Amino acid sequence: MTSKRDLLVIAREIAGSARGSEQIEARVGRGRDTDVEVLRGSVESLTVAESEGVTIRVVVDGRQGVASAGSLDPEIVAATLEDARDNARFAEPDEFSGLATPAELGDASVPELDLWRDDLALIPTEEKVAMALELERAVLSANSLVRGVESSSYGDGANESALVTSTGIEAFHRRTTASLGASALAGPETDTQTGYGFSVGRTLSDLDLEYAANQAANRAVRLLGATQPKTQHIPVILDPLVTRTVLALVVSALGAESVQKGRSMFAGRLGEEIGSPIVNLIEDPTNPEAFGAAPFDSEGAPTRRVDLVTAGVLNGYLHNVTTARRGKTVTTGSALGSGVGARAAYLRPGPLSIEELFASVPHALYVQSVSGIHSGTSTVSGDFSVGAEGLMVRDGVFAEPVREATIASTLPRILLDIAQIGSDLTWLPGGGAGLTLLISDMMLSGS
Amino acid sequence: MLDEDVIRRTLGTALKRGGDFAEVFVEEKTSSSASLDDGRVEEVSSSRRRGVGIRVVVGETTGFAHTADLSEEGLRSAAEAAAGAAQGSAGVRDVGAFSRKTVEPTHEVRDYPESIDKEIKVEALRRADAAARAEGGAIAQVSASYADSRRRILVANSDGLIAGDEQIRTRFSVNAVATGDTGLQTGTESPGRTVGWELLEEFPPEQTAQIAARRALSKLEARPAPSGKWPVVLKKGAGGVLFHEACGHGLEADLVARDASIFKGRVGEQVASSLVTVVDDGRLAREWGAYGIDDEGAAAQRNVLIEDGVLTDYMWDLLRARKEGRKSTGNGRRETYMNLPMVRMTNTFLERGETDPEDIISATDYGIYCVALGGGQVNTATGDFVFGVTEAYLIENGVLTAPLRNAQLIGNGAEALRAIDLVGNDFDTWAGTCGKDGQGVPVSSGQPTLRVSELTVGGTGA
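Taken in order, these protein sequences are the chains called A and B. Residue numbers are given in our numbering: position 296 of the first sequence equals residue 296, and the series is strictly consecutive. Residue numbers are given in our numbering: position 346 of the second sequence equals residue 346, and the series is strictly consecutive.
The following block holds chain A by itself, in its conformation from the complex (with noise of 0.2 Å):
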């Protein structure tokens, strides 16, 4: 490890040696991790890391090079510089490209998140190991049905990162996470079905490790005996993973980057009804709940609450600062990468409990997982035909489970058929929110 200097202190340096018209951004970061993995009562494995690395970006006239190496050691960042910019000059120019400028920035402040917990640096390994054998038997006597689990783990980590630009932008945040996952194995070998369940949070404490096991070994056991059901068009009701993984898939055709470049189904499409009147669709990284909270963005802009769609009306796209100055608008703060992208996106709450939601039809698919969505799916072209695994609903309760289906729809056609929305918003990792979600009618096919 290169020595602990400060992370702004390098990444003004790198941004610093910018000459000329040439602007550069450095992103660097560093970061601690534990992984802990057991099997059968004891640890398979046990990592313990660091790591470090620095992203930076040199524009000259329009033309944009990019490098990235995993050290902080200055003889590789100073390869790294001399890799962007020799990669710059084999880029065609952009009138839109370029770093932003605070000025760009406007009067947006920079949020106050709290994503730090000093705790977690002294919690012993031994912890760590204990709760994710701990997670493994409680999942064990969670129901007699499991036979098995396939996976119990605990991980953990602590990061930092600073982004500073030759255009004046500077930007420090660190966050940690913690959390808990198992895989239950349930049933007999000729009918085994998985289900995983986990918790995560800012630090070990957070964690709720009974409810991980019980939600693996149930959403394992209530799927034994699964059978292919009837082809039929049905009302389906989305767990809160298969709703954050839809709207996953719209926001992301809500990007402005594929909006210009005709790659989304919303383009052209400000200001009408593209959702029912239920629905609005918020993208708030300014929400220290969500795991995806940041307190800016890839190019240090600071990020805020963007109202996407309300009550049924797009009102917007997400942009960044190329995109925003293509469109002649101001940046969201959405940069992600080298594009544009959500890190917390959910619907508002709707009033039904989850009770209230199954009994306000008759009869509906509950699907608990989806399957092949990056093939099936498309936010161009709008498709949505996926792999669905769940239950059938009946009379408020669940009936027969099934397998070996798929539901069909597409996305536009979603949003327009959103007949309720439950109350249980659930932040999830990885970013986004999911909640318990009505779809009016998709086509399910089986035998």
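Rather than coming from a laboratory, the hints here were simulated on the basis of the structure. Only a predicted model underlies this, so the values are computations on that prediction, with no experimental measurement involved.
Distance condition first, Cα-Cα at most 27 Å in a straight line; then the derived BS3-like pairs of lysine-lysine:
#, chain 1, residue 1, chain 2, residue 2
1, A, Lys230, B, Lys229
2, B, Lys323, B, Lys16
3, A, Lys261, B, Lys118
4, A, Lys328, A, Lys261
5, B, Lys436, B, Lys29
6, B, Lys16, B, Lys101
Covered by chain A, according to a simulated footprint, are these stretches of chain B (three or more residues, beta-carbon under 8 Å):
#, stretch
7, 39-46
8, 219-230
9, 254-265
Just so you know, even glycine gets a beta-carbon here, dropped at the ideal spot from N, CA and C.
For this one, chain A is given, so just place chain B on it according to the hints.
Structure of chain B alone, referenced to chain A:
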């Protein structure tokens, strides 16, 4: 990449608190890529990574630490962290002299990525853009990218093994958007090989662009796939990924040991149609998943997994194999030095059969002909899978007719293997990234044109 004496002392530190096995894995990787979008080379980028992963095995437990600091001091502190994590109980083990293992490369790499001028590389992107747009006014948007990498590894362990390898990979991708009465449709093609820039001689940018553009255009004309149970013919190369996902993962020894495989305890049993032989071969020259040694120092080799329908063996990494008192099959891989290795596939394929592929289509009264599959997902514990089809045609009375869209193949890996009733005498492969426990590694999958007598097709049509 590192001095042998330094490595020996590092292994000594790793075993200072006892342990059965210690390993030093050194990796140095440089990558470069560029992307063209909306008619313009938007970004040229590169990355470099260099570091060491050290693991110590004590009984069932592996302690692991990694560092980007290759000084002896940095290595010692990582070795101590790994030893502390494994918590060995007794003894000090000497690490004796190394015996260097050399493995014949499967093929020569001709044009190393760094030997090709970046201007030539970005020019290839412009050629692809022009070729895709030349397919017609309905092509509304094109993006193209290349990515190449050079990865050098060195593995040394307390058994005295030391071995190194160099892996060069190049990939070229084109994505086209077509617009028409039915809205927007996309088509993608992305060939990749374990070779240098000579990839573009085998797959010229214009050809890759045409395939992507025509795929998008054909979807404009396509009608929704009929849902139901139909015979499905998978074109050569297109369906390998299905068997990779639905069968290959279940043949990985770590999933078998975790009770998460339908193939557990079934070696010697008939698990597939007798027309089916499944092989994983890390030495398949030039293929996307090829290498000389795996990330534990074992030579890549050809492993027959299913022979004439009978399950013959699983794939093994070092630790699973040691436990069973056998040798690794060269399938221990990791994404980076920051990850622990595990059992992974390389180039996994069904061997060719005897039927002319034309005859397979003409022998099918009604069914689906799949030319390209997208990604898919599988529950390895049950073998249930779902795959998106990105290019497909209806077969009516033995002839290809309408293009189809929105099709999904749904089924069970073991059942699909048993339901294969025609196997062609052709063969092709497909390059992809296989994800497992958060680690992605390059793999290829392959198969001859073949027919599955019945699969559920999920679609939106009647």
